[in-house]
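A.B. asks: Spelled out from the first residue to the last, the chains are:
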Amino acid sequence: SQQGEEDPQALSIQEGENATMNCSYKTSINNLQWYRQNSGRGLVHLILIRSNEREKHSGRLRVTLDTSKKSSSLLITASRAADTASYFCATWWGAQKLVFGQGTRLTINP
Amino acid sequence: KAGVTQTPRYLIKTRGQQVTLSCSPISGHRSVSWYQQTPGQGLQFLFEYFSETQRNKGNFPGRFSGRQFSNSRSEMNVSTLELGDSALYLCASSLELSGANVLTFGAGSRLTVL
Numbered sequence: 001s002q003q004g005e006e007d008p009q010a011l012s013i014q015e016g017e018n019a020t021m022n023c024s025y026k027t028s029i030n031n032l033q034w035y036r037q038n039s040g041r042g043l044v045h046l047i048l049i050r051s052n053e054r055e056k057h058s059g060r061l062r063v064t065l066d067t068s069k070k071s072s073s074l075l076i077t078a079s080r081a082a083d084t085a086s087y088f089c090a091t092w093w094g095a096q097k098l099v100f101g102q103g104t105r106l107t108i109n110p
Numbered sequence: 001k002a003g004v005t006q007t008p009r010y011l012i013k014t015r016g017q018q019v020t021l022s023c024s025p026i027s028g029h030r031s032v033s034w035y036q037q038t039p040g041q042g043l044q045f046l047f048e049y050f051s052e053t054q055r056n057k058g059n060f061p062g063r064f065s066g067r068q069f070s071n072s073r074s075e076m077n078v079s080t081l082e083l084g085d086s087a088l089y090l091c092a093s094s095l096e097l098s099g100a101n102v103l104t105f106g107a108g109s110r111l112t113v114l
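So the sequences go chain by chain: A and B.
Quick note: the first sequence uses my numbering, first residue 1, plus one each step.
Quick note: the second sequence uses my numbering, first residue 1, plus one each step.
Among the hints, erroneous ones may be present.
Below, simulated DSS-like cross-link-like pairs (lysine-lysine); rule was C-alpha separation at most 30 Å, straight line [said to hold, decoys possible]:
#1 Lys26/A x Lys57/B
#2 Lys57/B x Lys70/A
#3 Lys13/B x Lys57/B
#4 Lys70/A x Lys26/A
Going by beta-carbon spacing under 7 Å, a handful of chain B positions derived as facing chain A [unchecked claim]:
#5 Leu43
#6 Leu90
#7 Gly108
Since the hints were derived computationally from the structure, they do not count as laboratory data.
Source: prediction; values computed, not measured.
Built from N, CA and C at the ideal position, the CB exists for glycine as well.
Just chain B, same shape as in the assembly (with noise of 0.2 Å):
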């Protein structure tokens, strides 16, 4: 089956603007979390959506923001873009989000603010 496809993979925005992620799970996944990932401070949670509700959220600013469908796809903006938050943007699905479950990631999604 296919895995969890994010895109783009690659962009630069400059300072200021605004960019939307996009994360499709893999076929039947309910769940997809978002984290950040930055040389200076790892793998940051950002949020999680299960069934078009967002259920947790990490320690970022309203800046980030996300979405999920119907079918499950999700979306994630960041607005007026800061120089820290170049990073990797990872994106990974489940079936529930619980306890005993592991995540299927995406190849993620490298933006790069001038």
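Pulled out of the complex, with its shape left as it was, chain A reads as follows (with noise of 0.2 Å):
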């Protein structure tokens, strides 16, 4: 498969916790994007890591990235019932194509 592979597949915590989703991908990479999507919606784009970057930040998101593990986390700190989504990471195929993981389901419970 062409796609990467997001670890845990669900995640439950309580709000006010960190959440920590972790994915894995196959081909050499440019950039890592992550995005999350709401039940049944589109996708909106969260934060884009460069293959010379280690770690980006983004309000309440930490994203690192390991290209010799070729492997990405994604923390949101002090979460929020707002959270709850499915979160994925993605990796170009080339320029032809974003190719998405299976996902992380996060339910933030209140």
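Reconstruct the complex from the two isolated chains, following the hints.
C.D. replies: Here it is, written out as structure tokens:
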């Protein structure tokens, strides 16, 4: 498969806790992206990290990238109920298409 | 600016029928990509259009087709519908399709085939 693998497939935490999800991919990349999808809706771009970057922050999001291990992680700090969604990592297959992992389904319990 | 608009949002068809879905990209975006999302297969790339030309195609049967108009609006068509075609169909646009761009997605068209 061209897709990455996300881990865990599902994650349930209490509001205020941190959520960490991981992504592994198979090919060399120029960048890796994370998207969020609320139930049954379109995807929303969250953050892009380039291959020469090791860590990137955006608000409560922190993304790391380890190209030697072909893996990335997304950390959401101080989670909120509104963070309940599915999260996908995505990498470019050449310059032809953006391929997505299977996603992590995150549930934030009040 | 307006986002990516997909119509219709929901539709129900029966096996053997055909369906056409529409996507209006963000103004100025010339690349439109289509994805099929199902619980079992996840997000699968269907095809991508740029300047009215299909540049990339995923691994789907010929029943799935698309086109792009001169104003960058795109349509996809599925003929001879099968139960397995039930899915959320997502359209995404970008200025150009390159290894550095991000995609802006529409809300999707939910197709149910009975």
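A.B. asks: Lys13/B and Lys57/B: Cα distance at most 30 Å?
C.D. replies: It holds: about 25 Å lies between the C-alpha atoms, which stays within 30 Å.
A.B. asks: Does Lys70/A lie within 30 Å of Lys57/B when you go C-alpha to C-alpha?
C.D. replies: holds, 26 Å
A.B. asks: Mind checking the alpha carbons of Lys26/A and Lys57/B for me, to see if they're no more than 30 Å apart?
C.D. replies: holds, 20 Å
A.B. asks: For the pair we were handed, Lys70/A and Lys26/A, check the Cα-Cα distance against 30 Å.
C.D. replies: holds, 7 Å
A.B. asks: Minimum Cβ distance from Gly108/B to chain A below 7 Å?
C.D. replies: Hint holds; Gly108/B Cβ to chain A Cβ min 5 Å, cut 7 Å.
A.B. asks: Restraint: Leu43/B near chain A, CB-CB cut 7 Å. Satisfied or not?
C.D. replies: Because about 4 Å separates Leu43/B from the closest Cβ in chain A, which is inside the 7 Å limit, the hint holds.
A.B. asks: Verify the interface restraint on Leu90/B: the C-beta must sit less than 7 Å from at least one C-beta of chain A.
C.D. replies: holds, 6 Å
Consistency with the previously given hints is maintained throughout, with no hint failing.
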